[in-house]
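2 protein chains.
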Amino acid sequence: MVGNKSMAVSSPKELLLPMIVPQKLLMGPGPSNVPPRILAAGALPILGHMHPETLKIMDDIKKGLQYVFQTKNELTFAVSGSGHCGMEAAMMNLIEPGDVILVASNGIWGERIADLGKRLGANVKVLQNPTGVAFSLKQIEQSIHVYKPALFAITHGESSSGVLQPLQGIGNVCHRNDCLFLVDSVASLGGVPMFVDEWGIDAIYSGSQKVLGAPPGTAPISFSQRAISKFKSKKIRVPSFYLDLNHLANYWGCDAGPRRYHHTCPVTNLYQLREGLAMVAEEGLEGCWERHRAAARSLYAGLEKLGLKLFVEDEATRLPTVSAILVPPGTDWKKVVVYVMQKYRIEISGGLGPSAGKVWRIGLMGYNANQDNVKRVLRVLEDGLNHSRTTSRL
Amino acid sequence: MVGNKSMAVSSPKELLLPMIVPQKLLMGPGPSNVPPRILAAGALPILGHMHPETLKIMDDIKKGLQYVFQTKNELTFAVSGSGHCGMEAAMMNLIEPGDVILVASNGIWGERIADLGKRLGANVKVLQNPTGVAFSLKQIEQSIHVYKPALFAITHGESSSGVLQPLQGIGNVCHRNDCLFLVDSVASLGGVPMFVDEWGIDAIYSGSQKVLGAPPGTAPISFSQRAISKFKSKKIRVPSFYLDLNHLANYWGCDAGPRRYHHTCPVTNLYQLREGLAMVAEEGLEGCWERHRAAARSLYAGLEKLGLKLFVEDEATRLPTVSAILVPPGTDWKKVVVYVMQKYRIEISGGLGPSAGKVWRIGLMGYNANQDNVKRVLRVLEDGLNHSRTTSRL
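Chains as they are written, first to last, in the UniProt record's numbering: chain A, 1 to 394; chain B, 1 to 394.
Don't read these hints as lab results, they were simulated from the structure.
One thing to keep in mind: the hints can contain errors.
A partial selection of chain B residues facing chain A, derived with a Cβ cut-off under 8 Å [said to hold, decoys possible]: (1) L44; (2) P45; (3) G81; (4) E282.
Covered stretches of chain B, as calculated for chain A (at least 3 residues, CB under 8 Å) [as the list claims (entries may be wrong)]: (5) 50–60; (6) 210–221; (7) 233–241.
Predicted, not measured: the structure shown is a model, and the values here were computed from it.
Glycine residues also receive a C-beta, built at the ideal position from the N, C-alpha and C atoms.
Please put together the full structure from these sequences, using the hints given.
Written as structure tokens, this is what we have:
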């Protein structure tokens with residue numbers, strides 16, 4: 001023992017009680033429910049972070065990510081952190097202090113990319129659209145001509161407002177102007193068509209806890225050859241060892257050298273990400289996209305019957321994985337959310353950032369993107385609306 | 001579907017085969033085996049990152065960490081990343097470009113802190129000891145007088161060489177010289193006495209996958225009031241939003257404000273960290289320390305019987321959680337490691353960084369730190385040595 005030293009902080013009583021983890025149906029913008037097969041993978045025995053079986057799982061993940069990203073990029077792997085950590089990995093490796101970067105911002109994710117760019121010393125320019133409105137190729141092209149950025153960043157699936165940003169053509173515009181093209185696909189990857197190589201995307205990141213159905217904790221990411229060239233030409237080292245592409249590329253077997261220890265990767269989360277990717281591979285990516293589109297269409301039809309309107313007017317730019325629904329005038333959005341959670345243990349979310357207080361958000365992602373869940377969430381939303389009206393009249 | 005567009009990357013066949021995750025006994029420097037109760041927590045249903053049940057689990061973790069750190073620091077939580085990410089969180093929030101920092105380096109972890117300091121623009125000074133040799137208080141004091149650093153960093157448990165660094169007295173020296181005291185406790189926390197408040201430690205980080213028995217993916221961390229003052233006085237923003245203490249403090253309920261969304265925390269990993277801390281609370285911290293000490297002593301005795309020597313000569317500075325054993329002249333260290341893994345599925349590790357090729361490393365951490373495992377690892381090590389000698393003579 002430690003002699004007669006007394007313990008200044010005693011054993012916390014809270015930890016002697018059982019942990020409470022109820023089963024809920026998560027129909028918000030993520031995390032979405034983890035399918036039983038992936039949950040089971042979370043209880044598999046731990047392996048070392050350099051064991052051959054772990055490296056094989058990492059190799060499988062790489063293949064699976066190349067498939068869902070539709071890319072042949074050798075530098076495709078998963079960052080050991082949340083989707084936001086993926087954003088930081090992309091930005092830290094691609095920009096240097098003083099670089100001009102242009103960020104398309106129509107919701108919280110654009111704001112965050114811009115904020116991070118400033119933290120990293122970039123000269124950040126913002127192309128602003130109102131919340132809920134996608135950017136046109138012409139807008140983007142004009143803005144790139146004005147600012148001549150070294151990097152242009154845009155969000156594919158703006159989960160705060162339910163906007164799906166069309167990406168075709170942007171890569172060409174960027175490359176004609178010697179600019180890297182960075183995409184945030186946290187809320188969209190696997191749920192809508194994505195063609196990283198064909199669309200000329202130079203860097204893209206996502207999260208494990210959305211369509212891929214794994215718990216949060218890993219962030220898929222991919223870099224083009226053009227991005228690697230920019231990274232290699234940087235004069236200043238990355239302000240992080242954890243996210244340094246040189247080390248990550250080696251650890252993930254993306255370079256020619258023998259794999260060296262870099263950090264202790266979240267082994268269990270990798271099992272789960274691998275299983276999520278296996279489920280997409282088994283279903284087929286096109287089938288997975290179609291399932292999400294069909295679920296979203298059924299949701300739109302049901303919402304119309306309830307007299308509700310979608311926040312994004314243009315159907316072509318609606319994100320199937322996360323729908324933002326306008327809160328009707330006079331309705332207390334929070335009352336509905338709380339009622340549905342308390343009565344049914346179903347999550348419907350409010351807005352976030354610029355959309356806070358204006359919308360509800362319903363997620364249809366991965367395992368949860370099916371017709372039964374659409375019916376269920378519409379039923380409880382209707383009940384919630386009735387409850388809110390009844391109690392408001394009291 | 002996506003019209004008649006063809007898929008450039010087809011579904012990977014590797015993902016249609018089952019994942020292979022064998023059961024092994026991990027007696028290396030970590031991750032160590034995850035106890036059944038914590039594995040089971042990994043398969044619990046997912047909750048949202050802002051749900052009250054999740055916030056309660058985070059509150060429990062905070063209490064548990066205050067207990068294992070022996071601190072009343074309000075700013076005590078877990079970073080969403082590996083132990084190395086914890087190092088980055090501490091360094092990014094506490095140092096500014098141009099700051100002089102002093103790093104005590106006698107193994108890989110000191111080297112890494114120094115490297116990170118340079119990446120962050122600090123003026124890094126290194127107090128160097130040979131691998132395997134702890135620092136004396138006098139050495140540290142003299143070096144602080146010479147360099148007058150804003151921060152002094154040292155590793156409590158040098159897992160690359162098996163050194164336990166005595167920490168008593170360093171805090172006073174630092175504070176008398178207006179210097180913050182930073183400690184890496186990744187390999188030591190929970191396995192040896194630690195008194196953050198009493199020892200005047202200003203910032204300390206650890207990892208989930210060592211003594212605490214959870215999978216890798218979360219990094220316990222704690223900051224003193226002195227550290228917070230330094231953070232608040234910084235002129236330049238943290239080059240990361242993910243690791244920015246202002247946001248993390250709020251998300252973890254360590255400030256007065258209502259908790260706001262910051263990033264999507266690894267919910268499942270938090271369940272598991274909470275259960276790991278609950279197991280320490282149930283056993284009692286002093287009992288946990290004692291169990292590790294007793295296991296290490298049995299290991300030392302057994303190694304002596306095998307004619308093996310420990311790398312760290314001074315028993316008072318031997319780390320109970322990770323022991324480095326000198327490879328006898330003429331013995332092929334790798335042959336032993338490979339044999340033991342292939343025949344028994346038991347992990348014994350080689351060296352790392354400065355100790356590579358010179359030592360084996362045996363970990364006795366958390367769930368694995370018991371007398372049965374000590375006997376088992378000694379038995380297989382003996383068999384491995386015999387095998388290596390026999391085959392060398394052929």
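We went through each hint and held it up to the structure:
1. L44: OK, holds: L44(B) within 8 Å of chain A, min 4 Å.
2. P45: 5 Å, holds
3. G81: 5 Å, holds
4. E282: Constraint on E282(B) satisfied, holds at 7 Å.
5. 50–60: holds (count 6)
6. 210–221: Holds, because 3 residues of the stretch 210–221 of chain B bring their Cβ atoms closer than 8 Å to Cβ atoms of chain A.
7. 233–241: Our answer is that it holds, as 5 residues pass the Cβ test (under 8 Å) against chain A, meeting three.
Hint compliance for this structure: every hint is met.
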